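Visitor: Each chain, written out:
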Amino acid sequence: MLGIMRKKVLKVNLLDISPHNKAILEFFFAGAGSKLFKVSSQRDADAFIVDFDHPNARQQWEEINATLNKPTMVLAFYETDESNTVWLSKPLTTKALSDAAKKIQGLLKNPEPRAKPKPVVPPITTTAIPAKTEPQTRVFAKRAPVGSNSAAFRKKTSETNTFSQTQVRPKINTDQANISQASKTASLVSSQQSHSNVNKATHVETNKPSASPAKEKTPEAKKILPSVSNEEKQKRWKKLCGQLENIKNPNAWKKEVVFYTPENYLITSLQDALRLTTQSQQMVKIKYQSAKFYFIPDVTQAYSSIAIDSEEFESLCKSPVKKTDVVIHIMNVKEVELAHSTLAAEPKSIFDLENFMWTAMLLTSSGKLHRNVDIRRRVMLKQWPNLSRVETFPHVFRIAALWKTDGFNMLEIAHNLQIPQRYVFSFYNACCILGLIEHDPAKLKGKMQPTSPNKNRGLFSRLLKRLIG
Amino acid sequence: MSAVNRKIIFTGPVGAGKTTAIESISDIGIISTNESASDMTKSRKSNTTVAMDYGLIKLSNNERVHLYGTPGQERFDFMWDILTKGGIGLILLLDNTRPDPFRDMKFYSNSFREFIAEQQLVIGVTRLDLQRSPTMQNYRQWAEELSLDAPIFEVDARVREDVSMLIQSLLLSLDPGVIST
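As they're listed, the protein sequences go chains A and B.
Going by this note's numbering, the residue at position 442 of the first sequence is 442; the numbering climbs one at a time, nothing skipped.
Each number in this note's numbering comes from the position in the second sequence (counting from 1) with 1000 added on.
Treat the hints as calculated values from the structure; they're not laboratory data.
Note that the coordinates shown come from a computational prediction; the quantities given were computed from them, not determined experimentally.
Where a beta carbon is used, it is the ideal one built from N, C-alpha and C, also for glycine.
Treat the hints with caution; some may be incorrect.
[As the list claims (entries may be wrong)] Facing chain A, according to a computed beta carbon distance under 10 Å, are these residues of chain B, among others:
id	residue
1	D1100
2	F1102
3	R1103
4	I1116
5	A1117
6	L1130
7	M1136
8	L1146
9	S1147
10	M1165
11	L1174
12	V1178
13	I1179
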């Protein structure tokens, strides 16, 4: 692919670009793209590269281009229609960059006519507001509810995945070329949208609230994620939390609880790898049969060759493995380079590391408990897990909230909340793997009582219902 | 029957997503007091909230939850006390792409310390998708250092579900026994 492009090196100047995309570009220019691109000064450059999703980037580009007028590669989520530009959709890929270089070379040979200058709009003058005083001028702009404009955005959202792509150079103490610097990280969540455009209220010179015109509605607002049917959710929850019945006789709990031995499953190796990557701050590779995983510490992400919501991954987590069959090691320079290409090529295979471990733990335990756990022991939640980004299951918020107040044992939590014990067991298991459970009895608050009902409980209940639906 | 009105306050630095978060969850088109940015804010966005943002969740004719967003710039801190009066909780949005999110966390939690002591704080970290470092673990450590007892979630202020989770955790932290009815 790159061989075809071996023509003239394109001298480019990087204008405003987000640090992440800049890191990707620099990495590409230093390696695979070194024969295609060379970073140069504004004057010497053949072309510019700019990230239109970066705050004020477009404005800066317009100003510079007004005098220098060079072909430009525009990185953006949405296609741009500026003349003499080549649009690169995010996330960036090696192929897209190579193709863009080809197109820019074409533009250099046959430049597009310069676009007519846009009419100059006088800046809106506002009175600077001195500190601690009432604003002299205040502009009220009422935003209309998001309407049809959001439909296109929702469509786009539903078409894109929600996982992150990360390109990483791990910290490796070596003099070898290209790898000596500390980790350079970039994140390219394909569903991401720059927030730079989200605050476009109408500037109406009036003190009365006024409805914004339709054009001012922000497509980014009220982004709605694709919904999953109840049936699918139930099915998934069964996989994550199992279907075990409650323990009927707490005094004889050992006879009723279903235990498992983590050392017999992949989860223990994953936990070892997590410890290794955290302590060493190096990328770690885990290989078991045909499956491979990379843990990337500085961005807390994991690459998995198997989708974590697949049956294959479930089967991998639930099947006994010999620990000696799992190979874990800190990746060397060459492996990191190779991994980098894999990460760039497979953005859908990159997951938040906490989410990855959380899901792996849930699938492994499936409502069962570690064979050494004492369910009568009171423990406490140190901190809430990142529930907006891990796989949730019924009652997870309520469990977290109650367990955060004080030390309770698992049966007390289930009893107080009147929920099936398997959800409490699952929550406990998943939080344990992330180190979020406080086991030290000296650190528990010692009240051992649920907090008294808030005076606003009725309103809270109705608000919760509204939020949950 | 008398009307019941409660307030939830959204705060955080310029560009963290306060206005957007309120817009994501509000039943009404939000009312913003936006001005063209004229200071350092300009480097992050063209318009900024100067007095407050206002949104609303209507539970019934008599029950309303008002959503207020504070202006981000510190020079508008005189508004913060006014806005928090009668509030049931504070949602602090922190922008992960800012130069020093720890400083932001420290500054805002300190500015609202009296309110937080009385009510509840929830922290939403925005733009982690754009910049992965600092990590969620860093935020948890910082919260511990600052003795903040607050749920911390990664959020996209444009996503209703994310903003909803912040409010859910706020309500449940205030009253873990509450169930949706």
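Visitor: Now look at each hint and say whether the structure bears it out.
Guide: For each hint, the structure was consulted:
no., hint, verdict
1, D1100, "violated, 15 Å"
2, F1102, "violated, 16 Å"
3, R1103, "violated, 18 Å"
4, I1116, "violated, 15 Å"
5, A1117, "violated, 16 Å"
6, L1130, "holds, 6 Å"
7, M1136, "holds, 5 Å"
8, L1146, "violated, 13 Å"
9, S1147, "violated, 12 Å"
10, M1165, "holds, 5 Å"
11, L1174, "holds, 5 Å"
12, V1178, "holds, 5 Å"
13, I1179, "holds, 6 Å"
In the structure shown, a violation is registered for the earlier hints numbered 1, 2, 3, 4, 5, 8 and 9, in ascending order.
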